[in-house]
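Can you make the complete structure from the sequences, with help from the hints?
One letter stands for each residue in the lines below.
Number of protein chains: 2
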Amino acid sequence: MAEVTETQIAKFINDPNNLTKELLEGYVMAYKDKVALGAENIVVRKNPKDTDKVAIVTLGGAGHEPALSGFVGEGMLDASVVGDIFAAPGAPRVLEALKMFKRDAGILLVVLNHAGDVMAANMAVKLAEREGIKVKILLTHDDISAGLDAAIDDRRGLAGCVAVYKAAGAAAEEGKSLDEVYEIGERLNKNMATLAVAMKSCTHPQNGATIAELPDGIMEIGMGQHGEGGGGRTELLSADETASRMIEQLNKKLNIQKGEKVLLYINGVGATTHMELLIVYRKAHQLLEELGAEIAEGKVAEILTVQEMAGFQMIVGKLDQDHVELLTKRKSDAPYWTVCG
Amino acid sequence: MAEVTETQIAKFINDPNNLTKELLEGYVMAYKDKVALGAENIVVRKNPKDTDKVAIVTLGGAGHEPALSGFVGEGMLDASVVGDIFAAPGAPRVLEALKMFKRDAGILLVVLNHAGDVMAANMAVKLAEREGIKVKILLTHDDISAGLDAAIDDRRGLAGCVAVYKAAGAAAEEGKSLDEVYEIGERLNKNMATLAVAMKSCTHPQNGATIAELPDGIMEIGMGQHGEGGGGRTELLSADETASRMIEQLNKKLNIQKGEKVLLYINGVGATTHMELLIVYRKAHQLLEELGAEIAEGKVAEILTVQEMAGFQMIVGKLDQDHVELLTKRKSDAPYWTVCG
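So the protein sequences, as listed, match chains A and B.
Under this note's numbering, the letters of the first sequence match residues 1 to 341, in that order.
Under this note's numbering, the letters of the second sequence match residues 342 to 682, in that order.
Simulated from the structure, these hints should not be mistaken for laboratory data.
Heads up, a few of these hints could be off.
The list that follows gives simulated cross-link-like pairs (lysine-lysine, DSBU-like), each with its CA atoms no further than 35 Å apart [as the list claims (entries may be wrong)]:
hint	chain 1	residue 1	chain 2	residue 2
1	B	K477	B	K440
2	A	K331	B	K602
3	B	K362	A	K329
4	B	K599	A	K21
5	B	K390	A	K46
6	B	K373	A	K176
7	A	K49	A	K331
8	A	K34	B	K375
9	B	K373	A	K331
Printed below as a string of structure tokens:
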């Protein structure tokens with residue numbers, strides 16, 4: 001790779017080696033009443049949950065802000081274990097977090113399905129169990145771009161994780177057992193489908209490399225978290241046509257029935273404007289209503305970003321009544337997912 | 342201007358003439374329990390405030406989402422009157438909103454200082470008063486890029502408006518009189534200073550025109566809401582150096598004393614990543630603490646965007662104790678400014 005000069009990375013940063021450290025410091029300063037650094041690269045609640053309740057922990061690389069640490073807070077995550085930019089945290093750090101949250105009630109470890117994260121989580125859990133730590137993994141795999149019959153291993157975890165954090169977090173706050181919290185989260189996880197679309201790539205903030213080159217005037221449906229191709233390239237489509245194609249694909253997976261309650265989130269991944277996201281949301285919402293769905297929760301936000309990539313993820317989930325309650329009626333005081341309930 | 346083809350505008354949109362209509366429809370669908378369209382281009386609360394309380398209304402062009410309509414909700418705005426992309430709504434529409442919120446308690450009309458918005462507001466208020474509507478204008482002018490001694494007319498209203506909405510909205514919810522609500526908002530408004538920095542321009546989503554060409558490798562401190570130049574161009578600086586220069590300028594205006602309470606918001610205007618915004622926040626927070634300030638509220642968010650422009654606004658405000666309470670301890674249920682209090 002060619003040497004990268006600082007001006008090639010046109011970003012407001014300092015030493016590229018310190019990105020993760022500095023962004024986490026900035027985050028816990030900005031929201032000092034809600035979050036803190038429990039250890040290096042481990043973000044925890046400022047006011048911990050009672051230890052007789054199940055703890056919810058997650059892990060993943062930095063560079064996707066506000067994910068994942070933005071969802072640490074009362075009613076959601078107890079801890080987020082952060083890797084370097086686009087990189088999984090190592091198993092030792094995950095283990096460190098599991099030790100911090102050791103409790104009889106147990107820990108739910110929510111893992112987005114990406115090879116490095118899964119490997120770190122599995123190894124950490126194995127070591128944790130040897131030390132008598134009670135922990136259960138919930139693997140999210142909402143991406144449907146690998147195809148409807150793809151093995152779970154091939155279905156990546158995208159921004160749908162945020163609903164699992166919220167539902168499981170609220171259930172844990174109510175004092176439910178680890179098995180119950182897992183069941184609630186996993187039932188939602190299974191009923192969720194996400195599809196990503198990208199229009200313009202981004203640069204890696206440490207080495208300036210362009211990730212997933214996309215020619216001008218071309219969009220791709222089915223991109224992964226970092227812009228890995230996964231679906232079809234096409235010329236740019238209108239917002240309505242894009243939404244239509246995506247809802248059609250998502251519904252092949254979900255098979256929504258009349259009267260079913262659903263969530264619909266549009267996750268902006270970076271440079272795509274809120275204006276566009278709202279316009280896309282409009283059509284997706286209309287199409288879901290035409291399918292007979294009742295939209296119990298809508299959100300348009302930057303949930304899990306990929307630097308300054310242009311595009312978005314469309315997330316649809318079928319909700320049972322308990323999920324509706326947990327998602328919309330319970331308080332979450334996480335800085336980037338605040339629900340007064 | 343050259344003819345614009347659809348592919349020149351690489352955005353997820355439909356007919357460029359329908360942007361505002363469609364984005365507002367998407368918005369009120371996504372947050373249907375909180376907001377609704379009271380009339381064309383007028384966003385109101387789904388559950389209106391009691392009519393014996395002061396109403397808070399604002400106005401401004403679209404294209405800056407989530408501003409301004411994202412701040413309509415319990416504890417914040419009662420209505421947002423929306424113009425077309427980057428354009429003020431006309432006086433007739435503002436008048437229509439004032440008529441909708443006519444009440445003995447009165448209306449506070451918060452206007453960001455931009456010529457078109459001010460003209461529309463003044464004309465609407467003149468007509469409203471003839472019809473016996475009690476209304477008072479609060480003009481925000483937090484931008485300091487025109488210089489410290491600039492006349493108020495030359496100081497634009499930037500994203501600092503959101504704090505005025507929150508403080509005035511909370512005061513109105515408590516049942517304070519129009520004069521009291523105005524005084525609380527205006528006292529905060531006077532003690533607020535904002536500086537913008539841009540690194541990359543954006544395209545107008547209707548005609549594809551580039552707004553404020555900025556050469557690669559150049560940044561400009563003191564850009565206006567739409568990228569109008571107002572300050573100095575410089576080669577790209579590090580996040581820390583950028584924050585240092587900005588805090589120095591902002592403090593020339595604010596002259597922060599030891600022990601004073603302040604708010605610090607970093608508003609991402611579009612393509613600049615949350616990662617960068619958090620890194621910039623970190624240094625600004627540290628510098629304010631070195632000045633002896635106590636940071637009573639921090640936020641890092643896309644508050645008022647300018648399409649896919651790269652850059653941010655740094656907002657610092659000196660807070661009296663009542664402002665701290667109103668900003669941080671009172672509930673706001675606006676979709677894009679949720680505070681459980």
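Here is how each hint holds up against the structure:
1. B:K477 x B:K440: The given pair, whose Cα atoms are some 14 Å apart, holds under the 35 Å limit.
2. A:K331 x B:K602: 28 Å, holds
3. B:K362 x A:K329: Measuring from Cα to Cα gives roughly 30 Å; hence the hint holds.
4. B:K599 x A:K21: Distance ~28 Å between B:K599 and A:K21 Cα, so the pair holds.
5. B:K390 x A:K46: 34 Å, holds
6. B:K373 x A:K176: 30 Å, holds
7. A:K49 x A:K331: 14 Å, holds
8. A:K34 x B:K375: 25 Å, holds
9. B:K373 x A:K331: 19 Å, holds
Hint check: no violations occur; every hint is consistent with the structure.
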